[in-house]
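From first to last, the protein sequence lines stand for chains A and B.
First residue of the first sequence? That's 3 in this note's numbering, and the numbers climb one at a time after it.
First residue of the second sequence? That's 954 in this note's numbering, and the numbers climb one at a time after it.
To be clear, the hints were calculated from the coordinates, so they are not data collected in a lab.
One or more of the hints may lead you astray.
[As the list claims (entries may be wrong)] Just the calculated beta-carbon pair ranges, DEER-fashion: (1) A:71 x B:1004: 42 to 50 Å; (2) B:955 x A:278: 27 to 35 Å; (3) A:17 x B:1044: 46 to 54 Å; (4) A:231 x B:963: 33 to 41 Å; (5) A:46 x B:1047: 45 to 53 Å; (6) A:203 x B:1004: 47 to 55 Å; (7) B:956 x A:234: 51 to 59 Å; (8) A:17 x B:1023: 52 to 60 Å; (9) A:41 x B:1064: 45 to 53 Å; (10) A:350 x B:1047: 54 to 62 Å; (11) A:203 x B:1022: 50 to 58 Å; (12) A:283 x B:1089: 35 to 43 Å; (13) B:1004 x A:226: 44 to 52 Å.
[Claimed, not checked] No farther apart than 25 Å at their CA atoms in a straight line, the calculated lysine-lysine pairs in the DSS-like style are these: (14) A:86 x B:1099; (15) A:295 x A:243; (16) A:86 x B:1065.
Every value quoted in this text rests on a predicted model; they were computed, and no experiment measured them.
Where a beta carbon is used, it is the ideal one built from N, C-alpha and C, also for glycine.
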Amino acid sequence: MTNSRAIEGWRPTDDQLLLLRAALFDGDDALAAWRAWSAHVDIEHLDAGSNRMLPLLSYNLDRLGVSDPLSARLRGYRRQTWYKNQIWLSEMARFLAVLQGAGLETLVLKGTALVLLFYPDFGLRPMTDLDVLVRREQACAAMLLLAELGWKANDDEMERRVRSADRARRVDSSEDLASARMTSAALERRVRQGHATDFVNSAKLQLDLHWYVLSENRGPDADDDFWTDAVPVRIGNFTTKALSPTDTLVHVCVHGAKWCPVPPMRWVADAIMILRVAGDRIDWDRLVRLARKRRLSIPLSRTLSYLSEEMNASIPSAVLIELGNIPTTWSERMEYRMFSRPRKAGEDYGALPVLWFVHRRLDNARSGIHSILTFPVYLQHCFALEEFSELPRFIFSKMVQRGRRRLGWGN
Amino acid sequence: MEIDERLRYAINSPPVVHESFVDEAVIVNLNSGAYYSLDKCGLAIWNLIAAGASIGEMVDRISGRYTAAREDILAAVVELISSLRREDLIQPAAEGNNLGIAPDANSNGGEKIPFEPPRLNKFTDVEDLLVLDPIHDVDAAGWPQKGSERPPRT
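Build out the structure end to end from the sequences listed, making use of the hints.
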């Protein structure tokens, strides 16, 4: 286990695994895990990942009739989670109604969709933000609408771009129109470089606006398959969309297979809940097709095997074999190693490696040499540079900016 | 004052949302963010209101579970209904909204327990409710009851 965690930082520790089993298993298995975990763990000093599991633990202990001095506090955490999620989702419904009123198509992702579709009640899964997907071509419009509604981007650079694009949009002289085009291009550049960005409003509600579901798969039609299979979901009286159960499982597992400073063990609970509620609706053939097409067989194979081995999840062995047999490229293996291994605080790979892996996927069946030769052109596209000759200077300036940030010299 | 025991009420939803947590009903008015809770027989009355029971049916059901004179229980039910109406959590049900309550599945094993008039607990500081640490900053009863001040954690 320890050796695996040195390579795959997303794997829960032994204590975290006991907590997951206490929160998710049934009968004696859950009770044994609870006794083993509670015997030597102090809930006042938990890691943030374990802390987030306590409402679900409370639910399972109540369900199993366990009475413990901690029960009241654990139940209180559940009540607060329920309260927060109700408040946030009600705010979210109002916000989504505005987006939809402006002609933007929306789809809720991650915690929002999981709480609404797969958890027995709103009190079991704490959320730190709300994740909303819009169509790629509507991303800039969504950001401008967010600015109009008073939301601020958490990323200072993004915030400057959104604000200046918002100002420029309101002008009508020809000179200002030229400026508007430039600022819109700057916003478009950020959209091409990323897959999502965070916003916060005056009520401190955090919103993660996505224009792609996964950071690994980008491009003009990257998420068409996800949108096509999306299912309706209601938030109060408002109806939007969520990924299908199969696609949600893919999303949870791919996202879970990454190291994160907050132990990402919650993906295990999310995946188990999806399988519990929609196990018979999981289209395993589609999952394998998505793994192949999107080149995600490594994270899917690793996480689904983990669920099967450690959490007794019923995942067809043929699916695990098929996923394991999908040929992978050197680039996919390197990407998996880079993003699953534990990293030091502040250790960040920057945009270039991420864009390389995205480009390599877009280049799909081509050789590595072809990908290397075409990468500069892809970067020119991502950075929205009119002339190819601007690329070296642009990359150099970005490297200087990055160096300055690392040294704490500001932007 | 004459009380019409045929009156029925309905949860004012939306904006009111509610959930039962083992021995407690928690209720939120999403318009104000105010948080309410009801326990013991308050939980039973809330569930009966949600099920469409009339005042008379509520009193009969509570009388079957608790030791108290029927008129005392009636007064307590009416008092709680007044509190819930003042907070806009319930409203008179439309005519013909008799959902028909199920037979009492929880009659305390046939043994009656002492009756305590229900109390509607109310918390209105939304920001406080949202940021209060539910593990470290609460008393033994748990969130939203704040604990005594503790030294800063290291």
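Verify the CB-CB distance for residue 231 of chain A and residue 963 of chain B against the hinted window 33 to 41 Å.
Because 38 Å falls inside the window, the suggested range holds.
Can the suggested window of 45 to 53 Å be confirmed for the beta-carbon pair residue 46 of chain A and residue 1047 of chain B?
50 Å Cβ-Cβ, so the 45 to 53 Å window holds.
Between residue 17 of chain A and residue 1044 of chain B, does the beta-carbon spacing fit 46 to 54 Å?
49 Å, holds
Does residue 86 of chain A pair with residue 1065 of chain B here, judged by a C-alpha cut-off of 25 Å?
37 Å, violated
How does the Cβ-Cβ distance of residue 955 of chain B and residue 278 of chain A compare with 27 to 35 Å: does it lie in that range?
52 Å, violated
Against the range 45 to 53 Å, how does the distance between the Cβ atoms of residue 41 of chain A and residue 1064 of chain B compare: consistent or not?
36 Å, violated
When you take the CB atoms of residue 71 of chain A and residue 1004 of chain B, is the distance between them in 42 to 50 Å?
34 Å, violated
Taking the CB of residue 283 of chain A and the CB of residue 1089 of chain B, does the distance hold inside 35 to 43 Å?
This hint holds: roughly 40 Å between Cβ atoms.
Regarding residue 203 of chain A and residue 1022 of chain B, is the given constraint of 50 to 58 Å on their beta-carbon distance met?
Check passed, 53 Å falls within 50 to 58 Å.
When you take the CB atoms of residue 203 of chain A and residue 1004 of chain B, is the distance between them in 47 to 55 Å?
Hint violated: Cβ distance 38 Å, outside 47 to 55 Å.
Evaluate the given range 52 to 60 Å for the C-beta pair formed by residue 17 of chain A and residue 1023 of chain B.
54 Å, holds
Checking one constraint from the list: CA of residue 295 of chain A to CA of residue 243 of chain A, max 25 Å. Satisfied?
23 Å, holds
Hints 1, 2, 6, 7, 9, 16 from the earlier list are contradicted by this structure; the remaining hints agree with it.
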